[in-house]
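> As given, the protein sequences belong to chains A and B, one line each in that order.
Heads up, the first sequence is in the working numbering, so the first residue is 1489 and it goes up one at a time.
Heads up, the second sequence is in the working numbering, so the first residue is 134 and it goes up one at a time.
These are computed hints drawn from the structure, not numbers from a lab.
Keep in mind that the hints are not guaranteed to be accurate.
[What the hints assert, rightly or not] Distance condition first, Cα-Cα at most 30 Å in a straight line; then the derived BS3-like pairs of lysine-lysine:
1. A:1594 <-> A:1519
2. A:1645 <-> B:168
3. B:259 <-> A:1594
4. B:257 <-> A:1645
5. A:1583 <-> B:259
6. A:1624 <-> A:1490
7. B:299 <-> A:1740
8. B:230 <-> B:168
9. A:1793 <-> A:1490
10. B:294 <-> A:1653
11. A:1624 <-> A:1778
12. A:1583 <-> A:1645
13. B:168 <-> A:1653
14. A:1635 <-> A:1698
15. B:230 <-> B:210
16. B:259 <-> A:1653
17. A:1594 <-> A:1698
18. B:185 <-> B:259
19. A:1778 <-> A:1851
20. A:1645 <-> A:1698
21. A:1519 <-> A:1740
22. A:1519 <-> A:1490
23. A:1645 <-> A:1635
24. A:1538 <-> A:1583
[Stated by the list, open to error] Covered stretches of chain A (chain B as the covering partner; in silico rule of three or more C-beta atoms under 8 Å from a C-beta of chain B):
25. 1649-1655
26. 1663-1669
27. 1678-1691
All C-beta atoms in this analysis are idealised placements derived from N, C-alpha and C, irrespective of residue type, glycine included.
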Amino acid sequence: MKLLSLTLRQFRNHVSSGFAFGAASNVLLGKNGQGKTNVLEAVSYLCLTKSFYAGADATAVHCGTSMFEVEGDFVSDVNVRHRVRIVYDEQMRQKHFFINASEITKLSEVIGLFPIVVLSPENNSITFGSPSERRKFADLVMAQSSKAYVEDMMEYKRVLRQRNKILSDARGNDCSAVLAPWTEMLIRHGSAIIHRRNTFLNEFVTYVEKAYDAVAHNEERPSLRYVPQIDVSGAMDRDAIAAALHLLADRKQADERRTGSTLFGPQRDDIAFSIDGLPLREYASQGQHKTYLIALKIAEFWYLKERCAELPIILFDDVFSELDETRSHQLLEMLAPMGQTFITTTSERIFQGVRQWDDEHRKFYIRSGTVVLQEDAA
Amino acid sequence: MIYTSQSLEQLVEEFSQLPGIGRKTALRLALYVLKMPREEVVRFAESLVRVKDNVRYCSVCWNITENDPCIICSSPKRNAGVICVVEEPTDVMAIEKTNEFRGRYHVMGGALSPLDGIGPEDLKVKELLVRIEPDTEEIILALNPTVEGETTTLYLSRLLKPMGIKITRIARGVPIGSNLEFSDEATLTRALEGRIAV
């Protein structure tokens, strides 16, 4: 999949900006706070129906206006064109998503149609932050490669909300009779998710090993391990996972009554990252964290490439500022044969001598929300 | 919008309260009423009042009816030993259209949903239990394939199982007359899960 053109209206810093992109790489240059990242966010809105930054859609509306609009022309790998448009109305708090002429009412249907891989400074929390950040990472890879996972996840979240409502309404009183069918449903849907995550991570680890090797160029061996609340070692089937969850549910009963919320299930999973057997969070240097994160993203690209109908688009936000020149060049070299890439950076220096600007490779200068100069040789 | 007539404004207001009717459609309907012969308008208005005055819930199956018990519950041609449990009266209408089911119904009045404040006591559960007699052959659970419907199915099956009656649930999967390629992933996944030997 490639994005040929993009229009932003009243989107963050941009009142009205238009881009014609190169099929290979696109570099967005400019000082801090000018609106470079906004462009990547806009691409994310078209592919995932939301930004990769946490926060409400309302914050993406340009100051003093009441709606934003992002429109893009995609071309698929078999040369079919799609015009994608998203409009957010702040008053109605509604997003409208269109592919060609038809509105997509179920936004979750869009996930996976235009696969993307995003690496932004916010992603540092994948290796540094809480388990929820790691789950979010794994969920997005899985969601983009499997529609069934998206459905499973939505149903699970619905059951979880229903069950939490009973527990919080009970205020410590016995609600076991009302709770029982919801516990059963939580286990049924939860075991499906744990099973899928287990299968996914067992496959994904080989992609990470390969990617880490390509990024780090050293003898270090990365690893990742799924850490649900129950023991899933040895390929467990769904029934075995459900049985283990049943036991856990019984054990957590008293605590759940006290805290008024669900204390078991895949919403409490974690993923443990390590290098040479040592946990990343405790033992790794800043550099190793960065390398691991980039390897995760490269692995995500390779994984999605094999499973999606389309080659993913890569968005790298401010990745190169933390890398030295050698590493930057190595990474640029790696990216070159991948898919269409969008890179934001404050300094053009890293591209000198390694990239020729032409029809395929374009650069854009952005100053206070406007494209001041679009350079392409064509 | 301000109309030149207060009565028209009021009617538009009333129409737009109906589900699926916005102000534009409400105005169109109101203007149509204005063109209708007076006697037709009277008949229409009377039907609205009559439906409110005459229609009640069947004290056996909780379907909507004018006579209590309803015609399905009082019909000798219907098998009283088979009870099909549904969420809403509209589900009864849907199954009746098939002309295949010869048993009776039980309308739960919704599905379990704590977020909407609906627990077992808000559904016609006790009313279902009292209907079960020694000659009850089968209970068919035909609730919606939503998270709430599924949970209600689970709840009812747990409740009814100890009573030793045959409990079934309707099959779910690919709609007849449509191609596999047009089914969404979730439906196909469910259909695969519920596959049967041939």
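> Which hint numbers does the structure go against, in order from smallest to largest?
Checked against the structure, the hints that fail are numbers 1, 2, 3, 5, 7, 8, 13, 17, 20, 21, 27, while the rest are satisfied.
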